[in-house]
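Heads up: the protein sequence lines correspond to chains A and B, in order.
First residue of the first sequence: 1, per full-length UniProt numbering; consecutive thereafter.
First residue of the second sequence: 1, per full-length UniProt numbering; consecutive thereafter.
Since the hints were derived computationally from the structure, they do not count as laboratory data.
You may find that some hints are simply not true.
Claimed, not checked - Label pairs and their calculated CB-CB ranges:
1) B:Pro181 x A:Phe154: 20 to 30 Å
2) A:Phe262 x B:Lys192: 44 to 54 Å
3) B:Pro181 x A:Ile130: 20 to 30 Å
4) B:Val316 x A:Ile175: 52 to 62 Å
5) B:Lys192 x A:Ile139: 26 to 36 Å
6) A:Phe12 x B:Asn215: 57 to 67 Å
7) A:Arg126 x B:Pro181: 46 to 56 Å
8) B:Val316 x A:Ile117: 52 to 62 Å
9) A:Leu134 x B:Ala352: 18 to 28 Å
10) A:Val302 x B:Ala69: 53 to 63 Å
11) B:Glu271 x A:Leu44: 52 to 62 Å
12) A:Ile130 x B:Lys328: 21 to 31 Å
13) B:Asn215 x A:Thr187: 45 to 55 Å
The C-beta atom is built at its ideal place from N, Cα and C for all residues, glycine as well.
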Amino acid sequence: MSMAEGMGSLYFAIQRRRNRGLVGLYLVVGAFLVVYAFMFPGLLTIGGFSKFSQNWFPLALVTMAQALLMLNGGISLAIGPLVSLGAVVAALTMEGPAGVLGGLVAVVIVGLGIGAITGAIVAYMRLPAIIVTLAGSFIITGIALILLPRPGGFVPDWLSQLLAGHTPVAFGILILVVIGWKLFLATPLGTGIYAVGDNPVGAFRSGVPVERVRIVSFALSGLLAALAGLFVAAQTGSGDPVIGNPFTLNSIAGAVLGGVGFLGGKGAMRGAICGSLLLSVMINVMFFIGFPPVAQYVAQGVIIVGAVAIPEFARRWRKA
Amino acid sequence: MKRIVSKSMLVRAVMAGAAVVAVSLTASGSANALSNCIKGDRKAPYSVGWANIYSVPTWMKQTEGTITAEVDELKKAGLVKDLMITDAQGNAQTQIQQIQSMIDANLDAIIVEAGSSTALDRVISDACAKGIAVVNFDSLVDTNNLTAKINTDSNEWGSSAAKWLIEKLGGKGKIIVMNGPAGISVSDDRRKGAQPVLDANPDIKIITETNTEYNVAPAQEAMTSLLFANPEIDGILSLGGALSAGSVLAFDRQGREQVPITGENARQFLELWKEKGLKSWATMQPNWLGALSVYAAVQALEGKDVPAFVKVPLPVIDDSNIDGYLAKAGDFPADGYIYSPYDKALFDKLLAQ
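The shape of chain A in the complex, shown without the other chains (with noise of 0.2 Å):
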């Protein structure tokens, strides 16, 4: 046996493994997808497709965002905020002479630069991320809202039909995302991600940069929430200083209901997308259905606690 076959097969059988703890989430998500299909079949079409992955694509982007935080036993209340400062300044660059491509470096670098400092607070200083984030979620909301008090800026047209338009196009991108993670993953950082997150002290002894690791990793996710600002500010064809704030409590919601947990370590990406499709086409399925507004209060706390409780009990059915 070669060495590659070798790592190969342990490489499968360790996704195997961890694949195993979230097939009750893939059937739950599997069985509502065809229950949308079926409802509404314009689904399988190229128009129907793009539009529904467009609406999911912030609430993945932010999921990823959150997960990649938890994995390292953080956690951040300022995604929203983030998202919505994304917008803000997507809005506003992109009418301006810095154009399409001035705007998008410029959302890169404040993502990139808000994670970085709070990452950079909350390893250097030892603060809880919990406390930092909160405070960051009031100053960024700040931010935004003195950018743009009012909703407004624009976004050009072709971009928003790129991006939002008749074509799968963010569902690509949304590709190009997880294979960068996949990629991201290979490196000693990305490993480092979950190393940090399992057992921090245990990390360090190994050689692993501690301190580098969590700042790499809020300010990969700061990027990712504001990228999915962009997105949005494309999608509505504007900017609104507060639309991202329900993202929050949603990206911590699917990466929950993918299975990663809060203490770090523990979960997968994949799981974490999967809860946030979950929370999407759930809202769609129930329109179809008809639910009326107060049932579908109560439906989706079912769907959720359903989603997290079947897959436990099937664990636990299967070691008895």
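With chain A held as given, fit chain B onto it using these hints.
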């Protein structure tokens, strides 16, 4: 709720209206210009969607009540077949998704209470391009790619309230202005509307202004501390019903004599008005804007020319009609709003402007 026109009369009236449209269409091809978004390829009975941003506040629940009542009437007339309601739970992004689902479900009309003035622009334009009648009320969007926007004028709210109070005070006196939260457009707009009237009356002195949530408790608290500091207050320019109720309760608890105060159709305030014998005046954001929106959407689908902007005059409550409002109080929730009566004739008049 009670309607002025009996149901059978209304059905007949609607049917007659439909017949008139049918006749005029056959007689002259197309007598009316079609409304925005309408292509004329959709036939009754229509399916209607209401995309609400948040269904929990009492005002929204009552508004939903007028919408379902209107849909029931239109169902009897054979014009509407079903109503789908969504609640975006305050999330504008979710509202986009839900309106997209309404387009996917090929509904004929979409009524929108917007959670953001800009975020829905593109999805609403998409709906309009598909020939769906889109009517937006109360909280408005920026885009004009829709069938109609329906609202009252918040500036006029402020100016009418200020005019009444100043007249009541004989053009001079010391007043306190009570506002909703700072930075909220409806609160800002009402206050802005009052300013020119206040400027024109230099003998009216503003002691101070409050900014609180539209809730009784914080308003009462704010007014209580102002009462300690100010022995002489001649009038209260309150720009929200809960604010007025809070002020009246504060005066009452301190044993101070009530002064002229403006208000809104909140049931609690109207009952205090009667109980304390207030000198008062009130207006409202009528809940039936929801019912009117459904009616307008169906009229547009039926080929009528619905104006792109329907300005609804603010109904006024004063000593001459307060008893009529209070007589119906039992039909409304204790923390709700007693809205003015409406009927098809009123709707037709509003849509004919």
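A quick look at each hint next to the structure:
1. B:Pro181 x A:Phe154: 20 to 30 Å: holds (28 Å)
2. A:Phe262 x B:Lys192: 44 to 54 Å: Roughly 47 Å apart at Cβ, these two residues keep to the hinted range, so it holds.
3. B:Pro181 x A:Ile130: 20 to 30 Å: About 27 Å separates the Cβ atoms of proline 181 (chain B) and isoleucine 130 (chain A), which means 20 to 30 Å holds.
4. B:Val316 x A:Ile175: 52 to 62 Å: holds (60 Å)
5. B:Lys192 x A:Ile139: 26 to 36 Å: Holds: the Cβ-Cβ distance is about 29 Å, inside 26 to 36 Å.
6. A:Phe12 x B:Asn215: 57 to 67 Å: holds (59 Å)
7. A:Arg126 x B:Pro181: 46 to 56 Å: violated (37 Å)
8. B:Val316 x A:Ile117: 52 to 62 Å: Taking Cβ atoms as reference, valine 316 (chain B) and isoleucine 117 (chain A) lie about 54 Å apart, which means the hint holds.
9. A:Leu134 x B:Ala352: 18 to 28 Å: Roughly 54 Å apart at Cβ, these two residues miss the hinted range, so it is violated.
10. A:Val302 x B:Ala69: 53 to 63 Å: violated (30 Å)
11. B:Glu271 x A:Leu44: 52 to 62 Å: holds (57 Å)
12. A:Ile130 x B:Lys328: 21 to 31 Å: Check failed, 50 Å falls outside 21 to 31 Å.
13. B:Asn215 x A:Thr187: 45 to 55 Å: Given range 45 to 55 Å: holds, Cβ gap about 53 Å.
Hint compliance for this structure: hints 7, 9, 10, 12 are broken, all remaining hints hold.
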